[in-house]
Amino acid sequence: MAVSLAAWLLWLTRPPRERGLRALQHNELIDVPTEGNSITTYTAFGPMFDDMLADIKAAKHHAYLQFFKVEPDVVGQRLGSLLTTRAADGLEMRLMYDDLVCHSWRWYYRTLERQGVATAGFGRVHIPFITRRGYYRNHRKTVIIDGRVAYVGGMNIADRYNQGLSWGRWRDTMVRIEGPAAAAVQASFAMDWLYTTGKQIATDTFKPATHIAGTLPVRIITSGPLGNGPQIMHFTSRLLNSATSYVYLETPYFIPTHEMQEALRGAARRGVDVRVLVPPRGDRDETTQYASRAYFASLLADGVKIGTYSEGFLHSKIIVADDSVAVVGSCNIDPRSHLLCEEIVAVVDSSAYAAELKEVFLADETVSTYIDPAAWQHRSLMERCGEVLALTIASQL
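In my numbering, the protein residues as written are 1 to 397.
Warning: the hint list may mix true and false statements.
Computed list of lysine-lysine pairs in DSS-like fashion (alpha-carbon distance at most 25 Å, straight line) [what the hints assert, rightly or not]: (1) 69 to 199; (2) 69 to 57; (3) 199 to 60; (4) 305 to 358.
Pair ranges (Cβ atoms, derived) [what the hints assert, rightly or not]: (5) 212 to 322: 36 to 44 Å; (6) 81 to 258: 42 to 50 Å; (7) 362 to 90: 43 to 51 Å; (8) 69 to 281: 17 to 25 Å; (9) 215 to 111: 39 to 47 Å; (10) 200 to 57: 23 to 31 Å; (11) 298 to 35: 35 to 43 Å; (12) 115 to 212: 29 to 37 Å; (13) 392 to 58: 44 to 52 Å; (14) 33 to 114: 40 to 48 Å; (15) 168 to 259: 27 to 35 Å.
The hints are simulated quantities; they were obtained by calculation from the structure and are not laboratory data. The beta carbon of each residue, even a glycine, is placed where N, CA and C say it ideally should be.
All chains, please: the whole structure from these sequences, using the hints.
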């Protein structure tokens with residue numbers, strides 16, 4: 001029985017052979033630095049959502065939205081109402097979601113479809129986890145308006161992103177990008193739409209005329225087993241390996257792969273100030289947190305500083321390094337994001353924006369507590385047992 005279970009898990013998690021997304025000609029827009037962008041950073045859902053709705057209201061041709069979760073609560077209904085209104089105005093409205101995590105809300109998407117909004121559930125499966133294709137999910141959160149404005153980050157569409165949880169606020173990060181980089185985000189959406197529906201979006205739609213809105217250079221990096229592999233993981237490890245002063249990271253789920261462990265340790269051993277902020281508890285259960293804590297002792301021993309955010313659930317996924325590079329996106333630091341999910345990040349090679357995102361991290365740090373490596377060695381036997389048990393399924397979390 002144990003051998004059969006192990007063989008099934010190995011088969012299930014082996015990267016698929018299909019690479020259809022890579023062959024799409026529009027992939028040329030991905031991971032190409034573009035100058036002339038402006039960026040607005042959001043650390044709370046409300047202001048981001050208001051601006052996003054305003055941008056959709058002002059759209060001239062289309063709005064494409066892609067979220068891991070779009071829930072039909074107050075926030076979801078408000079968004080859906082606007083999308084159907086704009087579709088009635090004759091604009092092209094498309095909404096993509098991950099079918100597995102949103103399967104219980106299919107009625108909501110069918111309602112939008114009947115009212116003129118094109119919807120698509122990525123990776124639809126009827127019996128979850130029986131087929132390997134169903135095991136790979138799309139975790140991206142993006143919005144594109146007219147190919148000129150794009151949103152990228154960690155926020156989904158649900159009330160809890162706005163109202164928080166019973167034990168604290170929901171702390172997240174999203175950016176609004178205006179300028180040429182929006183076309184790269186749109187190309188990513190087009191590739192996912194093609195994979196999901198078999199239909200290609202017209203070339204002139206996602207290669208809009210150049211729109212200069214600022215001075216910031218932005219490149220969009222995507223990764224995923226159905227596309228170009230673990231590019232975001234490789235990028236992050238290279239960033240750690242090349243850092244000379246500091247690397248600050250925020251992630252809600254911290255289960256580093258072997259490559260990430262070596263990069264984190266290596267940077268800290270060289271004297272780089274490596275700091276990681278994580279939430280104090282899970283948003284659903286504590287299994288992921290136990291698995292995460294199993295890695296703390298070895299990382300702390302090598303000088304990696306790990307802090308817990310005290311004001312609620314830290315769902316932010318940001319990186320800032322050496323006052324020169326800043327990253328915001330959907331990617332967690334765990335095997336599922338790095339190896340099993342379709343993800344997206346915006347990378348800004350700018351000292352000015354790095355300084356801005358560094359202030360975001362430092363503000364979160366003021367309400368966080370760093371773990372004392374010596375004290376961590378004296379945690380209870382119950383805690384250690386929980387870590388060992390959770391570690392056995394860490395790759396699946």
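Against the structure, the hints:
1. Proximity of residue 69 to residue 199 is assessed by CA-CA distance (about 22 Å); at most 25 Å being required, the pair is judged to hold.
2. Only pairs whose Cα atoms come within 25 Å are accepted, and residue 69 paired with residue 57 is accepted, the gap being roughly 22 Å.
3. Between residue 199 and residue 60 the alpha-carbon distance is near 22 Å, which keeps this suggested pair within the 25 Å criterion.
4. In summary, the hint linking residue 305 to residue 358 is supported, as the alpha carbons are separated by about 16 Å, within the 25 Å threshold.
5. One distance hint, 36 to 44 Å for the beta-carbon pair residue 212 and residue 322, is violated here, with the actual separation near 27 Å.
6. One distance hint, 42 to 50 Å for the beta-carbon pair residue 81 and residue 258, holds here, with the actual separation near 47 Å.
7. Between residue 362 and residue 90 the beta carbons are some 46 Å apart, a value that agrees with the proposed interval 43 to 51 Å.
8. Between residue 69 and residue 281 the C-beta distance comes to about 20 Å, which sits within the given range of 17 to 25 Å.
9. About 43 Å separates the C-beta atoms of residue 215 and residue 111, a value consistent with the hinted range of 39 to 47 Å.
10. As the Cβ distance of residue 200 to residue 57 is approximately 28 Å, the hint placing it in 23 to 31 Å holds.
11. Restraint check, residue 298 to residue 35: a C-beta distance of roughly 41 Å satisfies the suggested window 35 to 43 Å.
12. Separated by about 36 Å at the C-beta atoms, residue 115 and residue 212 satisfy the suggested range of 29 to 37 Å.
13. Checked against the hint of 44 to 52 Å, the pair residue 392 and residue 58 passes, with Cβ atoms roughly 51 Å apart.
14. Our hint of 40 to 48 Å for residue 33 and residue 114 holds, since their Cβ atoms are close to 42 Å apart.
15. Under the hint 27 to 35 Å, the C-beta atoms of residue 168 and residue 259, about 32 Å apart, fit the expected range.
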